[in-house]
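Q: Spelled out, the chains give:
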Amino acid sequence: MFESRSPLEGRLALGGRDGAEGARSLRITEIRGWHLTQLGVFGGGALALAPLIRSVTGAALPESNGEVTVSGPHRLYRIAVDQYWVISLEEGAGRTLEQAVPPNAGTVTALTGARLCLRLEGAAARDVLAHHVALDLDLPEFPAGRFAQTGLDHAGALLDRRGRERFELYVLGTFAASTWDVLIDTALPYGYEVGVESAAAGRSDSRGPQ
Amino acid sequence: MASGSHRLATGGRIDRARPIAFTLEGRRLRGFGGDTLASALLAEGVRLLGRSFKYHRPRGLLAAGVEEPNGLLTLGEGGRRTPNVPATTVELSEGIVASRQNGWPSVDVDLMAALTACSAPFLGAGFYYKTFMGPRRGSWMFYEPYIRRAAGLGRGTHAPDPDRYETRHAFTDVLVIGAGPAGLAAARAAAQAGARVMLIEQDFALGGTLLSTRADSPLEPWRVALEAELYAMPNLSIGLRTTALGVYAGNTLALLERHDHARPDSSRGAAREALVTLRARAIVYASGAAERPLVFADNDRPGVMLCSAVRAYLNRYAVAAGRRAVVATNNDSAYATAVDLATAGVPVTVLDERARPCAAVAEALRGAGIEVRAGVRVARALGGRSLRGVEFEAGGRTERLDADILGMSGGWSPVVHLTSHTGRKPVYRAALDAFVPESYAAGHFGAGALTGSLTLSAALAEGREAGRAAAAHAGCTRAAGPPPVPPVPDEPVGFEASPAHPPERRGKAFVDFQNDVTTDDIALAHEEGYVSVEHLKRYTTLGMGTDQGKTSNVNAARWMAALRGVELPVAGTTTYRPPYTPVSIGALAGRHIGARFRPTRRSPLHDWHVANGAVMIEAGPWLRPWYYRWAGDSAASAYIEEMRLVRGGVGVSDVSTLGKIDVQGPDAAEFLNRVYVNGFAKLPIGKARYGVMLNDDATVLDDGTTARFGETRYFMTTTTGQAPEVMSWLEFLLQTAWTGLRVQVVSVTDAFAGMSLAGPRARAALELAFPHLDVSDAALPHMGVREVEVEGVRLRLLRLSFSGELAYELYAPADRGVALWERLLGRAAPLGLKPYGLEALASLRIEKGHVAGLELDHRNTLDDLGLGKMAASGKPYVGRELRERPDLRAAGRWSLVGLECLEPRARLRGGAILFARSDAIAGHGRGYITSVTWSTVLDKYIALGLYQGGLAHVGEEILCASPLKGETVRARIVQPVFIDPAGERLHV
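As you go down the protein sequences, you meet chains A and B in turn.
Per the numbering used here, the first sequence starts with residue 8, numbered consecutively.
Per the numbering used here, the second sequence starts with residue 225, numbered consecutively.
Excised from the complex, chain B in its bound form (with noise of 0.2 Å):
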């Protein structure tokens, strides 16, 4: 080894041809291609990554892969800046910027260890819930700050991230998650049988732990030819960096795709990440297993390892973790590691625990010169910032290793996250003291580790048979090949289950590394009484952390039931559920950010409201013309502008956005006559009728306007809001309710522009846009409809008013829309006319005391919006029967009045409370504002609200309270039509 660096001079997987340059808190460090950050940090000696979450303990790397507790660093800077990333997820690339987590000042010096070293015996389980919690109520929220400061690990950035996220959808017959020898296997048999076969895999290279034997064993070119022979094929896609984070209904699957070795562009649209939403007709589970950690004290000292991690980083990426092994264990697996520890040139000795572990191996390893006690464990790692020692029971009696690495073995824990996810809860194997799957939903099939099978021959063979099965699921039966053969035999599987309670020793044994649960808080919480591991996950907090306990769960439950006084099976396991990794939530937003967050519909005049000075707001999915510039260079006034336009000349406003839906058929008139409250029987020919309909529990669905244009045909506007569910809920009634009906009902919402023409001055405008029609009150009378040609394009023309003004309302194709608007506002310029926008639409109909969306709110009823007398009593229609119940009909009930403010200097706000002047302004009052606007015509602030008793309380004076304002005005109960009451400006 080269002198001050644990890289082994050859060997490993790595391309040292291919030198990385790194950084790790300014420190310029070295790796090679194909290390992870936290091969590349252990090879130049960096060995303390971090301090543990609630002790700030000192910490090293436990593992080598994504179940990695300890090692999680910050990586980035400014919008890039990603905290909690584990080291050994990392692929390394040049120009990585890292640094470690949870030190103050640093990690190397951390103050707080002291501080916590102190406070350490009041830190356990719990303790926030009996410590913050006096002396007076409220207290915890003077604590929570500090607490929150001194808590945490990385800390992440309110900078805008500059990288882009995709979302993408994708289909395959078979997926194969994991790339370990069943994987593998499963992928080929597969493809061969036929089908087309995804084969993902977290990890940037195929093989999972084949990586981890010796690179110059017979095994390598085995499993490179493997390799290749599965690339070749074309019909199987393989997906490195690939991780299946959760299963769904239906078989589909949520992955994440990982882009950022290839330093991606995002000013050239490329992704750092992408969500694929995948649906599988089949799915081969191939998820392996997780190594589990011996429970000792001080088991997290840095230098203490599982095996597996020992091994992978010796054979994979040429980084002996330490000069000096202690290998630790109760199982067979292990002995690999000690053998290639010591080919290796590190002095190692295996400490096994079973009193009788395989003769042959032991035997084997002696013969090479490693030293092997039976019948010893572990009962305390020693050292502080390192490990420097291992001390151990051997006969009664304590014993002292020097040792800079321990390797620990306590048994493999299939990873069962996934199969889980199905709803299946694991079962108990004694053979392996874990959880496997019991069973598998339709379709899908499991293989190798993750079903106990532990052997390279076994995993191969259920891989090929799952692989076929799963083709064959999906309807592909080609014959598959044999599984491959591994040209060395396997290696020695024993186990033995580790006995329930560690020796005992002073000192903080950990199961969970990450959150620092120890064993001590596993007891404290069965005396509390959280004895089931659902309770004791949520107290001690044990497998809530970005690792979700992958190293901790099945000891967590050993423990728990040795202390329950049952067997493990009995206290089982927690619930697994998606993400079984941390997503990013770029991730998960892909593109729907900023603009994007939702598609936004736009009127067909759109484009021309923008390019003339109309100020745009979002008004649901829409965007819409707020107010125009011409009118002023704020809502405020130029609403009041727009508005004095309407009153006294003509004003014309895009209606577009309103709900438009063509309904034609024989049945069409007893259809309506059904759904609107109203009588729509007799509607003649060329006449439009007001109509309201409600909801089957008679509370007000929508209002709006129909129109008779032929025998059988129907033109229906809706309120905007309300347009998609309105033509649902006629659908909903035809398919399922009234399916005898001969009608259809189509949407045409998007099929035509629409205007209104507003105004004393309307029919005036009209006139010189349309010279040849004949327009006049005669030809077009109040709620008159008619269908005209101009130029060959169809119009239709409805003199309906929303303000309260004469006024007509104009349809065209919406490709025709911005001509007709164009062709208005150029003839009829010289009376004047110009646009006005949502706000004045809104206030206009205000002072008409025309209901809108802010009234119709799925609460109120007809008779609370003062439109009870327009149900008609000799006709079924949807809600009547309903129109009936007590509660509905009950006197006091808030309805529909107007109100004008009484203080010339204040003014009215919707949403603002109602008390009576006599009321205590608390609670919730009488009832509220709906609706706002200064009145132009009244010169004055007015409101529509909705107020208990309703009009029978006109004349009275009350008060209209905003909390959140500080305000209360006074203001008059009023008839809630505030201009025109007998509708003289409609039928001029």
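Excised from the complex, chain A in its bound form (with noise of 0.2 Å):
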């Protein structure tokens, strides 16, 4: 059997560590069972494709940036001119989109290995995240429901806003575990938990437009 492993595997049986004041203000867990699928569609034509992936994910396609589109267990990010990803908890998502879209209207590309899920939640999950992102995080700039395409130690992330005090990072595989040290030693002072955890058992919170 071809089983999955995450390269975080030695890294979480670490555990978590009593900040300076011993609490543990943070917790970082590694979401996993979830898809990802990146949707590109030809100069102009989303609007054409939009029904037929309203057809397949129940969610509309974004019209803007930084918007998140839910439909049940389908999320859809616009991440770039005539680019989305669709996250979703449906194993076959992906297949569905490929047998669905056109080839001459759109592409479909398998992307779940490419990329880890961390959720950063707790009080001190904002400080942790602003030692590297440029972005403003406080709640009216950046509320829940809303994504940003940022950096994180010099790697493309996308910061994905599930609540007052949560956050979900989409990290590159490949600098998985070099993004992993970073955010624990930047939560060492304010004290860590560390998990795994699904996809399914997770998304209870925020909703963003239909």
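In case anyone wonders, no lab produced these hints; they're calculated from the structure.
The beta-carbon is built from N, C-alpha and C at its ideal position, and this holds for glycine as well.
Pairwise CB distance ranges, derived in the manner of DEER restraints: (1) A/L96 <-> B/E949: 32 to 38 Å; (2) B/R1018 <-> A/S205: 18 to 24 Å; (3) B/D920 <-> A/A20: 45 to 51 Å; (4) B/R868 <-> A/E105: 40 to 46 Å; (5) B/G303 <-> A/A30: 27 to 33 Å; (6) A/A30 <-> B/R1018: 42 to 48 Å; (7) B/H996 <-> A/S205: 28 to 34 Å; (8) B/R1018 <-> A/L96: 17 to 23 Å; (9) B/A1053 <-> A/G23: 36 to 42 Å.
Quick one: dock chain against chain with the hints and give me the complex.
A: Dropping the structure here:
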């Protein structure tokens, strides 16, 4: 069997640590069990493709940067002009899209293994992220339901705000261990817990536009 | 005052209930909470704080803040040793270890002072340009170590720094820089208007000049109440001990937070310093003004201080800097110092340069028993290691006063550094005889002494207006309240600029105290033609010390203007650049140190490699297995064993780092056809093709293979090193040059784990791993590709070879990579399958003559690399036109050759310079070696290289010179494909 392995296995096993004040104000969790597909549309064809995408996912194609649309197990992100991410809890979502999207209308690329998802939550989540991402993380400026593409430790990452003190960070797989080390190091004074969670278990809060 | 101490029995803003112990050169001393190191030393009677940079003159405190040029101490021990720290900026905390600088054997008894006293006449500005140039060319290199040893102030350490430093991002609507009266009013108004406000202050208390007023004046409770009001505002954050280092484009600032006072524990993650990159929608500059010294002979004696410093030590720290004071001034602000000294019981005389100072103020002082002499100028400070008296000119006569403290005030220079960082030069204001900001960038506002407004009421009013306007600029327009109303009237601020030339006296009149620059040096610079202030600065080093000329720039410009016979605005100012105050390298680096200097990329198989005997090596940002311990204990021997494994059996190598790009769309074939020099339009489904792509200047950008998996689906691989650049290039072409092509490109480098199974037994290994797959030569010929599904997992199988042996590349989803790898190794173990590393991978391809990164250096063309015949003649492709440039077609270009070593006991080296046998070994030669390996097939060293005329010289014996190693080795030029030129091993 081709079992799935995370590059963070060894690091997760090390567990958490108390901060300078003896508390643990951050929880860093690797979220597994989700599937990423990148959808590409040819010049200006998003409008024509949108009904098909809605029929497959139930969600509208986002129209502006930073906007997440959600329907059931699917979250859609507009990551660039004519490029979208579909993050789904359904394993077959990518193949369904491959079969549904005509080749002359768009492209579908499976990217699940390319990224890892790290959830940062707790009172220190915002402060820990502020060490690395050049984004205004104040709630009015970056509310729940919005995302941003940013850099963290010189590698690209997508930051999805899921709640007041809850963020999900999609990092490139080959940078994941390095990114983890950086976040843990930053979290040292705050104290942190680590863990692994299934995406299906944790997706109960924060809805975006349907 | 207590005997032996300069600490006043009452008063000040120190916490006498919190005594703090510290040491100075092992001597135990004491201060209080709220002290700086400087105030505590002054209180303990330590007046001599160091020796000057060049002349080793005794020096004491000049100032009380960040502008201090003299009182630089070394703090800490071991890895925490930090030289050149202004004692005036150090918040006193328990256990500080301090020592003074630049005296040998000590600051108190400095033999270097005697030496430099004799040689002082020869040590004027620029002396080293004139005196250490001979007798021979290169003599400077003899003198330099001695000069270095004699010069400088503190000494650093090479011990590792145990402290932690952080970097962080922050955002705000309104940033207010400076928490003096103007800053406090601005922050209050901006917060009242509803903005997110950040107020920063480099001091450890709010108030600025308010902290220098008497603690028992009505201003103090007013200040405390204002402070409490600000702390209670939820949308206002206050950063004490935070310095704005620089202002950059886009309203971005660098701030330095200091946490030394809290004695941070790095083992618990607490940082000593944090560098904050702040982005603000609007900025209010309330950075105040710095007092200027007066310039006269020996104005550097310990005990000669700025009036504002005398007052600060007296009223904030309850320290009387002396027992008999003289106040010398050209403006009214010094009178308050005189009054406060007298109130504290220190006899004081005021010497005012102005013939007619403010009559009311002078009368008030006289009524309080303070002598005021008008129209007099200080000519010289008397004393050696400490001030003894003051000599001054009055009505053509020279008089003397005994004094151990001289407070001098030459006026006020607005602190224009930060506003000037935006590129706006300040303008001269005659009323101050100094420079103020002329204008501000959009969203920037100034208030208070920075703008030349020296009264408290003006500072508060301007601050309030600046805060309101800044908030409005940030989109916050709630009504702000009126400015705070001070409970006392404004202090007078009359001023008259000093005459350009100090009174004639023998002795040095210092302009820049830290770098020992005198009026004579400025005159010398003028005489030698360095008349612009920029040249003056570089020639004399004026303003180039750690204080960046905060107390000297304006005086120097005045002096040079006078020498030039022009007005001060014509002389102008030098360019203000960040940082405003020195910043540690630690803060700049933050946590980007050691292993975290840069991010590390790891293959999905990384942990397996480490657990199974791989010795890893950095390859760009990647960590890759260099070799495995099964093959040997060192790279030098292990890679040869690994090569033998591949040539004689089968090995597997991790190639996950290769760039991988998903190219899809109806026009994908056309796109690839334009990008590659060779044809891709007719690549069949199920086949891969080797391709080379050029930059648009026709140098080679990269090579790789592209496979076609479907009608509109292609899978491109690139070299590891060029992957990001190729991806960017493809996106650039689609977004700007070929916008009509229906193509999408997506990086899938991280999506796949890749491995290369190579060797004569590679097919057999594959059959053992996947017994249900037909991988025969017929089913999967050379350059054939297939997508297969095994146990529900999609794999990609490509029959490609980099090594020259029968080989396959397998790609699995990244998270399944280890499983695939282990399956191969486990099931093919009977064939002797083992992993091989980067060194062997790179060496095998040399034997086969494949070019790689070392040859693809963006300077070589297709023809240089022997690939010219690949280029299609009938289609356009990127770089096609510029390939025809005459220079790129010239005969005799350096082009790819193979080299065989002719000396059995020698080796070839990468980078060796190539010469013909008849050449002298000098200069750039006729080429160089790009890649070298020991050949297990030929049993000798072989190499690829670039040689003038290339393969026209096959058979010739040449020389390979490595000057740094002192080696010259004979080699023969051969065809670059050393093994199996017909490719028979690939087609089995």
